[in-house]
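Undergrad: Assemble the complex: chain A is given as a structure, and chain B must be docked to it using the hints.
As you go down the protein sequences, you meet chains A and B in turn.
The numbering used here puts the first residue of the first sequence at 2, with every later residue one more than the last.
The numbering used here puts the first residue of the second sequence at 2, with every later residue one more than the last.
If you are wondering where the hints come from, they were derived from the structure by calculation, not from laboratory data.
Accuracy of the hints is not assured; some may be wrong.
No distinction is drawn between identical chains; accordingly, a pair holds when it is met within one copy or between any pair of copies.
[What the hints assert, rightly or not] In silico EDC-like links for lysine to aspartate or glutamate, alpha-carbon gap of 20 angstroms or less:
| hint | residue 1 | residue 2 |
| --- | --- | --- |
| 1 | K21 | D83 |
| 2 | K21 | E49 |
| 3 | K12 | D83 |
| 4 | K21 | D54 |
| 5 | K12 | E66 |
| 6 | K42 | D75 |
| 7 | K21 | E66 |
| 8 | K42 | E66 |
| 9 | K12 | E51 |
| 10 | K12 | E36 |
| 11 | K12 | D75 |
| 12 | K42 | D83 |
| 13 | K42 | E74 |
Number of protein chains: 2
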Amino acid sequence: MPTIVVDVMPKPEILDPQGKAIAGALPRLGFTAFEQVRQGKRFELHVEGEVTDQILEQARTAAAELLSNPVIEDVVNVAVLDESEASA
Amino acid sequence: MPTIVVDVMPKPEILDPQGKAIAGALPRLGFTAFEQVRQGKRFELHVEGEVTDQILEQARTAAAELLSNPVIEDVVNVAVLDESEASA
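If we strip away everything but chain A, and leave its shape as in the complex, we get:
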């Protein structure tokens, strides 16, 4: 089934306590390569049939209106998923 991926991240100027907690935990577990971590959301929207431009536009609108909170979050990506990368 074709899948549209929507990625939502906290805006750069917004504090991200989950990301901070992970950034603190990583070096304690031996992962020292990472300076900063941000945690956001990834949505997979499954579409019956083909992904038309109209459906992709619907996904963009849904991303802006329902899947993200524009006060604190940015929609960083809306794209059709490569089948090889699909999780379901």
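TA: Using the frame of chain A, we list chain B on its own:
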């Protein structure tokens, strides 16, 4: 700053109540193109300097050991982000 993206999704056989709630809300808002929705997580790991194979391997291990719960989640993607797509 180079960024590694880690995408984590609930396993297909695991119930995803957030995804179900979104799938229920979309048609009420006029978005009728989507059959199923899954909600997962997206992590951005910021790296000082260049992303070497060793750092990418560290990110893969961290994704499996810290960023995901292997009982209920799959790491679906670990990749270096295109600068053009970066949110921070």
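Undergrad: Provide an ascending list of the numbers of those earlier hints which the structure does not satisfy.
TA: 1, 4, 9
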